[in-house]
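A.B. asks: Protein sequence lines correspond, in order, to chains A and B. Per the numbering used here, residue 1 is the first one in the first sequence, and the count goes up by one each step. Per the numbering used here, residue 268 is the first one in the second sequence, and the count goes up by one each step.
I should point out that these hints are in silico values taken from the structure, not numbers from a laboratory. Keep in mind that a hint or two might mislead.
For the chain A half of the interface with chain B, some residues (derived, Cβ under 7 angstroms), not all of them [stated by the list, open to error]:
| id | residue |
| --- | --- |
| 1 | PRO15 |
| 2 | PRO17 |
| 3 | VAL186 |
| 4 | THR187 |
Partner residues are not named here, just some residues of chain A that face chain B (Cβ under 8 angstroms, in silico) [claimed, not checked]:
| id | residue |
| --- | --- |
| 5 | ILE58 |
| 6 | THR88 |
| 7 | ASP92 |
| 8 | LEU94 |
| 9 | ARG191 |
| 10 | ALA198 |
| 11 | HIS200 |
For each label pair, taking beta carbons as the anchor points, the in silico distance ranges come out as [stated by the list, open to error]:
| id | chain 1 | residue 1 | chain 2 | residue 2 | range |
| --- | --- | --- | --- | --- | --- |
| 12 | A | THR27 | B | GLY289 | 41 to 47 angstroms |
| 13 | A | LEU245 | B | GLY287 | 24 to 30 angstroms |
| 14 | B | GLN306 | A | PHE26 | 54 to 60 angstroms |
| 15 | B | ASN301 | A | ILE116 | 35 to 41 angstroms |
| 16 | B | GLY289 | A | PHE51 | 36 to 42 angstroms |
| 17 | A | THR27 | B | ALA309 | 52 to 58 angstroms |
| 18 | A | LYS68 | B | GLY287 | 46 to 52 angstroms |
| 19 | B | ASN301 | A | ILE175 | 28 to 34 angstroms |
| 20 | B | ILE300 | A | GLY218 | 41 to 47 angstroms |
| 21 | B | GLY289 | A | ILE136 | 29 to 35 angstroms |
Note that CB positions come from ideal geometry on N, CA and C, so glycine has one too.
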Amino acid sequence: MSTALLAESTAFKAPGPSDFEPPPFFTLAGVEVNKPIVIVLLSAVIVAAFFYAASRRIAAGQGMVPGKLQYAGESAYGFVRNSIALETIGKDGLRFVPVLATLFFFIAVNNMFGIIPPFQLPGTSKIAIPLGLALIVWVIYNWLGIQRMGFVGYFKAMMFPPGIPWPVYIILAPIELLSNVIVRPVTLCLRLTLNMFAGHLVLVLFVLGGEYLLLEYGGVVGVLAGSVSILASIVVTFFELFIQLLQAYVFTLLAALYIGGALVDEH
Amino acid sequence: MEGELNGSLNMIGYGLATLGPGLAIGLIFAAYINSVARQPEARGVLQSIAILGFALAEALAIIGIGLAFVLN
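This is chain B alone, in the form it adopts within the complex (with noise of 0.2 angstroms):
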């Protein structure tokens, strides 16, 4: 019982996959405070720009965490 640990190895998989992603996604958001710093009027504009950004780079994660619990 001591020292038994339980759980699947893809997790850890998934875990070192997030790294990309996550740093795509804070990326895109220092890009997006910067222009927006820059010119704060271009807000509404950029805002949807870096969503999509944002949810296509967490696409990648998702596809991620989908495959961890596909693949045994």
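Only chain A is shown next, with the shape it has when bound in the complex (with noise of 0.2 angstroms):
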């Protein structure tokens, strides 16, 4: 490539978290309402319309052959209900089932608008929506853990687990209290966050890079480099729905993990 065809050409941009900031469609009494938001609300009320037409018939009494969507939404439930409310929390999870089947499903449909052609954005890849629920979970732990043991006893338990030589609890005590209360939520919420953030640049990067590479770079290597990068990046794109499912189900399944833990004695 000669340095001149070079220099006419415009300087790639890589892709950046300016990506995640697009302009606002309108503003709604002071609230910019942008690609995210619709994005975040679009997805409750998908999740909200299916689970609700699935089990209308149950509701009115006449469930009992289940039809396709019923059948769809059955097991959809069933999974959460069966593999990780019943697998990792036992017979107590299944009062927790409601919570973690809509975190699970809210968080999958979040990350899934990442690919879906016209968005193409995850909700979830702004950190406000995976805090939001990551507060919610942190709130159910710890709610139940001092309703369970009372407010010191909780603590205590969390601190000073028995059967340890005392010199330990020096170390012991403030990384339990410091792993329950920030590291847990923070941890669940950044996986989350930013697995979507870096999976949709990627995305981007391919996307983009190939677009450069064959309309702007030009030439043998830049056609051959474009069409290597554009067939990656469908590629990437099927990946991308894996680590999406994926994510919504660790998100729950610790979920249902730290609720299990403050359920039973633990250590």
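Each of the two chains sits in its own frame; use the hints to bring them together as a complex.
C.D. replies: Shown next, in the form of structure tokens:
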């Protein structure tokens, strides 16, 4: 590639955090409504509508023979019930299935907006949404622990687990306190946000890089590398779908583990 | 114009920081595959443990990319 041609073409602008700040569509009562807000509201509506439609006949008392939609809804709900709630919490976990299922499907749909064509931005890549969900989980498991053992008893059981020589408590107590109160919700939130953030960046990089190589850079090298990059972006899209579902599962699994830990005597 | 490189040195640091979690995730799944090969009927129990370990190790890499963008 000659330097003259390189100088003529505009420089490639790598995708960065600014790609996650789309301009607002309109301002409603002082709130700038932009793409992530629309995506989050839409996914809440989709999840609610799907499960309402799937469970409508059960509520009417005629769900003994499930239709297609009810079967899909029951399988989806049954996945969270059997392989997350029952497996990690046990029988006691049945009363937490509604909140776990809501978390799982809200996060999964939000994540999957990252590869659905007109939107293509995961709602959970904005830190506010995973932060809110992580705070809900934080309140639930701390509330359950305090309810079961009392405020002092909860922190005592957390920081001073029995059966350990006392000098170890000097190190263990602050670590356990920090882990339960700060590290758990923060990692829960950051893991989801940054997975979606990084995944979206990789996808955008492959597409924009391929486009730049094909259209701006040109030549044999540009066409070859650009075609490979565009084709790779399709592979990355499917990999993203896998990661998005996995991260929804991981978030729900960890939430179930934290709830289960507050219900039984750990250590 | 020639030989010019743009970008942040943070990203090289992040690349180095992924080595640890990368190794950790490799070790976790190596142990998982070993266990399933030895005792295939324990797959269901082992799978959620493996994914849990993967999520905990991955969190370090993920915190790394967060810091790479935040620290300037």
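A.B. asks: Give a verdict on every hint.
C.D. replies: Comparing the hints with the structure gives:
1. PRO15: violated (12 angstroms)
2. PRO17: holds (6 angstroms)
3. VAL186: Where the cut-off is 7 angstroms and the nearest Cβ of chain B is about 9 angstroms from VAL186(A), the hint is violated.
4. THR187: holds (5 angstroms)
5. ILE58: violated (28 angstroms)
6. THR88: Given a least distance of 7 angstroms, the restraint on THR88(A) holds.
7. ASP92: violated (17 angstroms)
8. LEU94: violated (18 angstroms)
9. ARG191: holds (5 angstroms)
10. ALA198: holds (5 angstroms)
11. HIS200: Where the cut-off is 8 angstroms and the nearest Cβ of chain B is about 12 angstroms from HIS200(A), the hint is violated.
12. THR27(A) - GLY289(B): 41 to 47 angstroms: holds (44 angstroms)
13. LEU245(A) - GLY287(B): 24 to 30 angstroms: holds (26 angstroms)
14. GLN306(B) - PHE26(A): 54 to 60 angstroms: Given a distance of about 59 angstroms, which is inside 54 to 60 angstroms, the answer is holds.
15. ASN301(B) - ILE116(A): 35 to 41 angstroms: Roughly 38 angstroms apart at Cβ, these two residues keep to the hinted range, so it holds.
16. GLY289(B) - PHE51(A): 36 to 42 angstroms: With Cβ atoms ~38 angstroms apart, the hint holds.
17. THR27(A) - ALA309(B): 52 to 58 angstroms: holds (56 angstroms)
18. LYS68(A) - GLY287(B): 46 to 52 angstroms: holds (47 angstroms)
19. ASN301(B) - ILE175(A): 28 to 34 angstroms: holds (30 angstroms)
20. ILE300(B) - GLY218(A): 41 to 47 angstroms: holds (45 angstroms)
21. GLY289(B) - ILE136(A): 29 to 35 angstroms: holds (32 angstroms)
Comparing the model with each earlier hint shows violations of hints 1, 3, 5, 7, 8, 11; every other hint is respected.
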